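> Keeping their order, the protein sequence lines are chains G and A.
Residue 1 is where the first sequence starts when you use UniProt numbering, and the numbers rise one by one after that.
Residue 1 is where the second sequence starts when you use UniProt numbering, and the numbers rise one by one after that.
Keep in mind that the hints are not guaranteed to be accurate.
As the list claims (entries may be wrong) - In silico BS3-like pairs for lysine-lysine, Cα to Cα no more than 25 Å straight-line:
| # | chain 1 | residue 1 | chain 2 | residue 2 |
| --- | --- | --- | --- | --- |
| 1 | G | K86 | G | K169 |
| 2 | G | K190 | G | K245 |
| 3 | G | K190 | G | K48 |
| 4 | A | K117 | A | K48 |
| 5 | G | K245 | A | K48 |
| 6 | A | K171 | G | K86 |
| 7 | A | K117 | G | K117 |
| 8 | A | K86 | G | K86 |
| 9 | G | K117 | G | K169 |
| 10 | G | K117 | A | K48 |
| 11 | A | K169 | A | K117 |
| 12 | A | K169 | A | K86 |
| 13 | A | K190 | A | K245 |
| 14 | G | K245 | G | K117 |
| 15 | G | K48 | A | K86 |
| 16 | A | K245 | G | K171 |
| 17 | A | K190 | G | K48 |
| 18 | G | K171 | G | K117 |
| 19 | A | K117 | A | K171 |
| 20 | A | K48 | A | K245 |
| 21 | A | K117 | G | K48 |
Rather than coming from a laboratory, the hints here were simulated on the basis of the structure.
Note that the structure is predicted; figures quoted are calculated from it, not measured.
There are 2 protein chains.
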Amino acid sequence: MCNHCVIENVKQNMLSRRSLFKGAAFAGAAAMVATTTPREVLAQPASKVFDLTHAYDSTFPTFDGNPGIEYEWAVEFAQNGYQLHKLTIFEHTGTHIDAPFHFSADGTSVDQIEPEKLVAPLVIVDITDRAREEANTAVEAADIEAWISANGDIPTGAVVALRSGWATKVKEASFRNDAEGNFAFPGFGKSATDLLLTLDVAAIGVDTLSLDPGNSADFAVHNSWLPAGRYGIEALANLEELPVKGATIMVGAPKHRGGTGGPARVLALI
Amino acid sequence: MCNHCVIENVKQNMLSRRSLFKGAAFAGAAAMVATTTPREVLAQPASKVFDLTHAYDSTFPTFDGNPGIEYEWAVEFAQNGYQLHKLTIFEHTGTHIDAPFHFSADGTSVDQIEPEKLVAPLVIVDITDRAREEANTAVEAADIEAWISANGDIPTGAVVALRSGWATKVKEASFRNDAEGNFAFPGFGKSATDLLLTLDVAAIGVDTLSLDPGNSADFAVHNSWLPAGRYGIEALANLEELPVKGATIMVGAPKHRGGTGGPARVLALI
């Protein structure tokens, strides 16, 4: 099916399910489906905290290949009885946020992302098997449709993350490159994010170095998703431990004024 | 009452309440009181996200008076179609974490704080009225006892924060200093943190520049609480919007390896 057709199909199906639920016989179910807000997700019993954040230092892989963080002691324990570092950090380092301002001259900066968009139902689209065969595979609109067919509508305000298995090889060269030294990792395809732009989705997330696949020539997802005012999360960890539906993600985005993004602490609860 | 007596009194009262609840007639209540974990708190309906984090830049007040963050463009939008900063950050800047490693040569670094300690019931001890009269007032053991008398036991794994009203004047000189230019702001007294060290409390938090009050000569709380393996949160915002009991705090501590702390995104849910 063409990408445009998939998007129309998903929208029609969601609309028709919602009209159906508006019938009196389905009033209870309607409330459940149509108003699944992040806060209602949290109202479910939660029993465990998951850490979706890589610990990072100057050896952590970066897109441009340069160290993303460097440390210098500003105060030393031996002389002062306490200690602290002066850090040099490139914003797009470690598990981190891409704010709209990263790819737009006047978009929302990282401190301006509404707090309500930082606590959200987490949708995981698993492409691990495909990624094992083709490093640069992308989540496309058909994958989103398949997720909806299997799991129901994307919850309101969700963060939609792809799970490719890449996080488990963060210390290997193949996290970033293929054997020839070219970028090679999974990402989102524009057909998927074009579909997600028609829905109330706060952010997309990846367990790789970039929202776009490694072989992207045009950064089509960065160049459309971020300028549309949505944000992204790159280099997520531990998605393997979570179900594809039912977790709540808590995105500890940094709050320095005018930031294009930055290292974040990302947790999830089930 | 002497501080030691207050601590003993609180412990005895908590123990006797728990023995009482172990009686068969109180089995249900016992389960509720004795096992109020952070996860169970989250199981309550949550309706709103609160942002306990100040947005910050190089003008944000710091303990040493020097800018805590500086920005430089590493990639500029006009030339590249995207942009990102190189940041210089002193770890103890903005709303931030004090890890045990900040005040101990070999304590837990910020990346090593267990994720389970980052999602917790939030206890707020309000000293706003007193702080208005005496800037360097401290939360003492008696304040903790008074909170327990009014609200019940401190929940297991809690973050205990003082609310002094200081966050609302973060842009004024009086956030940091008195008219003579001396440090002047509320903090925790060691009698309070000595009591909290006997309980399962993950962290303390303040809406001021330091865990210790501004006029502290010896940083007694930093020097005892942090080396004991507990962490702190400084410069919290918006505690005024929360009840003294019932909120859940989510502490987005940074995860750079070997850090003594760092800017954090702190949210709360009710």
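> For each hint, tell me whether it holds in the structure or not.
Here is how each hint holds up against the structure:
no. : hint              : verdict
1   : G:K86 <-> G:K169  : 29 Å, violated
2   : G:K190 <-> G:K245 : 22 Å, holds
3   : G:K190 <-> G:K48  : 34 Å, violated
4   : A:K117 <-> A:K48  : 21 Å, holds
5   : G:K245 <-> A:K48  : 22 Å, holds
6   : A:K171 <-> G:K86  : 24 Å, holds
7   : A:K117 <-> G:K117 : 23 Å, holds
8   : A:K86 <-> G:K86   : 13 Å, holds
9   : G:K117 <-> G:K169 : 29 Å, violated
10  : G:K117 <-> A:K48  : 11 Å, holds
11  : A:K169 <-> A:K117 : 29 Å, violated
12  : A:K169 <-> A:K86  : 29 Å, violated
13  : A:K190 <-> A:K245 : 22 Å, holds
14  : G:K245 <-> G:K117 : 18 Å, holds
15  : G:K48 <-> A:K86   : 35 Å, violated
16  : A:K245 <-> G:K171 : 43 Å, violated
17  : A:K190 <-> G:K48  : 32 Å, violated
18  : G:K171 <-> G:K117 : 31 Å, violated
19  : A:K117 <-> A:K171 : 31 Å, violated
20  : A:K48 <-> A:K245  : 15 Å, holds
21  : A:K117 <-> G:K48  : 11 Å, holds
Checked against the numbered hints listed earlier, the structure breaks hints 1, 3, 9, 11, 12, 15, 16, 17, 18, 19; every other hint is satisfied.
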